[in-house]
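Based on the sequences and whatever the hints tell you, model everything.
Number of protein chains: 2
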Amino acid sequence: MEQIRGSQSLAFAHAPYIVSAASVVGSKESEGPLAKFFDMTNQDDLFGATTWEEAESNMQKEACVLALGKAHIKAEEVRYLFGGDLLRQGIATSMGVEALHIPMFGLYGACSTSGEALALAAMSTAAGYGKYMLAVTSSHFGSAEKEFRFPLGYASQRPLSAHWTVTGSGAFVVGDVKSHVRIAGITVGKIVDYGLKDSQNMGACMAPAAMDTIVRNFADTGRSEEDYDRIVTGDLGYVGQSILFDLVKGKGYDIKKKHLDCGMTIFDQETQDTHAGGSGCGCAAVTLASFILPKIEKGEWKRVLFVPTGALMSTVSYNEGASVPGIAHGIVLEHC
Amino acid sequence: MEQIRGSQSLAFAHAPYIVSAASVVGSKESEGPLAKFFDMTNQDDLFGATTWEEAESNMQKEACVLALGKAHIKAEEVRYLFGGDLLRQGIATSMGVEALHIPMFGLYGACSTSGEALALAAMSTAAGYGKYMLAVTSSHFGSAEKEFRFPLGYASQRPLSAHWTVTGSGAFVVGDVKSHVRIAGITVGKIVDYGLKDSQNMGACMAPAAMDTIVRNFADTGRSEEDYDRIVTGDLGYVGQSILFDLVKGKGYDIKKKHLDCGMTIFDQETQDTHAGGSGCGCAAVTLASFILPKIEKGEWKRVLFVPTGALMSTVSYNEGASVPGIAHGIVLEHC
Chain A
1 MEQIRGSQSL AFAHAPYIVS AASVVGSKES EGPLAKFFDM TNQDDLFGAT TWEEAESNMQ
61 KEACVLALGK AHIKAEEVRY LFGGDLLRQG IATSMGVEAL HIPMFGLYGA CSTSGEALAL
121 AAMSTAAGYG KYMLAVTSSH FGSAEKEFRF PLGYASQRPL SAHWTVTGSG AFVVGDVKSH
181 VRIAGITVGK IVDYGLKDSQ NMGACMAPAA MDTIVRNFAD TGRSEEDYDR IVTGDLGYVG
241 QSILFDLVKG KGYDIKKKHL DCGMTIFDQE TQDTHAGGSG CGCAAVTLAS FILPKIEKGE
301 WKRVLFVPTG ALMSTVSYNE GASVPGIAHG IVLEHC
Chain B
1 MEQIRGSQSL AFAHAPYIVS AASVVGSKES EGPLAKFFDM TNQDDLFGAT TWEEAESNMQ
61 KEACVLALGK AHIKAEEVRY LFGGDLLRQG IATSMGVEAL HIPMFGLYGA CSTSGEALAL
121 AAMSTAAGYG KYMLAVTSSH FGSAEKEFRF PLGYASQRPL SAHWTVTGSG AFVVGDVKSH
181 VRIAGITVGK IVDYGLKDSQ NMGACMAPAA MDTIVRNFAD TGRSEEDYDR IVTGDLGYVG
241 QSILFDLVKG KGYDIKKKHL DCGMTIFDQE TQDTHAGGSG CGCAAVTLAS FILPKIEKGE
301 WKRVLFVPTG ALMSTVSYNE GASVPGIAHG IVLEHC
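Those protein sequence lines, which keep their order, are chains A and B. Going by our numbering, 171 is the number at position 171 of the first sequence; the sequence numbering is gapless. Going by our numbering, 176 is the number at position 176 of the second sequence; the sequence numbering is gapless.
None of these hints come from the bench; they were simulated from the model. Glycine included, C-beta positions come from ideal geometry on N, C-alpha and C. Mixed in with the good hints, there may be bad ones.
Claimed, not checked - From the structure, some residues in chain A lie toward chain B, with a derived Cβ separation under 7 Å: (1) Gly90; (2) Ile91; (3) Gln157; (4) Val188; (5) Ile191; (6) Tyr194; (7) Asn319.
Here's what the structure looks like:
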């Protein structure tokens, strides 16, 4: 039990490494501030498919294949795959990773899924259940709009608090093989519900969960914002970020100087018309793979708390008047 | 790495136990062959709610509370919860376990999710990540019909190969505390796709995955059907069972005498008009909790291979003409 920290965290006695990472994105992402960091882009967002769902699957498979290639391993060397997406019944993942023939665990944690997948991959590696695990998530603007919103052809207007779903997939090989980034520990999130019901303001719905996980990580590990070079949230966006700052301040911490939100980083708000920022399972994953990990690898950042955030809802729960609770999982990444 | 067996299985060096289990079911289940074994039933299937989705959530929460009570522990003593259901974006689980305030991992494996949840709970306990874990899954006839099929009021006819979704939730406390049932090992399933596209014949879609996991378990552990008192599938039903027997025979094994299908056990086909049998995340979970575990506890069955099976599809993938692949996870349960 020596790995248990506080009420929600683990500190791995034998920390696993992120052996490789890959990012595949769509056209809009390839025109944004992170353009030059992505491994692969596709200009028509279809990735050779005829439907948005299949496009997302192809993107996810491509991200896995790239990550495996960078790690110089074959799919059959991966013990277990942990993956998920935003679509009903996780079909982007099922159809995406099917051809890899890796034993798999399907996950759903909304936009927090990249954290959930990395946590479980790290837990499994640290426990000695295999040398390599694969963590993958994706989202696609087309399939997400179809899943959650009105047909685009209706031209319904998006409020300024709304996010723009990232078309992208990030895949990570986690393994018991030394690299320059280790997963030192995790903080598994609880569902946090402040009773908000506006699915067009996901940042506000998720900010309480982000606060809860960040503050819990501080309490469980005896750290504060001083001990991290960056505290990275997934897709709180401009609205969620300001709420997060206030909530965290109420708990006695000030993370303003250390905070980075993937949704605010992947798009340029002024020129790309993305309102509150990017979102989706792919948002945090591709930003981590392309932009954050290289900085940790180089030692520019020594320790980062990566906290992707998810809003737990469906069109059914929304139409039935249910609130939109949030969840966030924390991953402690260290340069080594 | 001494816990690794073959290409997909683990044999735990320090095996965790199923400390307690609870089952909550609806009206039709309470009229079936297992009626007297369930912990709780509800005659209007609404469980005090006004929507089927909330009803499913309430049922799931109730199953968790009952399992915790039987284990004589509080929710805050559970380190992590692993849960899932059939609904889009897993809302039955999110809304169901929210009030328990347990750090949680949301899962999606269709009707195989009870196996997925037990596997991850066992892996986490065996690794020393906590003393108690909670695994819970659910399905509800009303919410599943709404999610996957035509409105009941249309009176569309169900083919004989179709299943009847079980209204039920099963919860399991897995822990490092001795009981009479241990989780000796697991076999994590791969996605297996024979190209079938008939979502009204889930048994046929899932049988190849069940075969793959069972035969893989035999190969990884050096066992055969002789070494198990029962090999239990989740919801193959009458159609899927006969296909499974043929496929397994093609691999050189004969499991006819050892096989039990939860979907064929929970309903009486002749009097309850359930066609191929019961199905859903709740089907295998409540049958395990109410009927199978007590037999292992008493030592009537010494070793059981529990293999819940899932069909990976959504209304979107189905309408787009995609096939319905299957997945199955194997859990080795032993009397002790």
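### Query
Looking at the structure, which of the earlier hints fail to hold?
3, 6, 7
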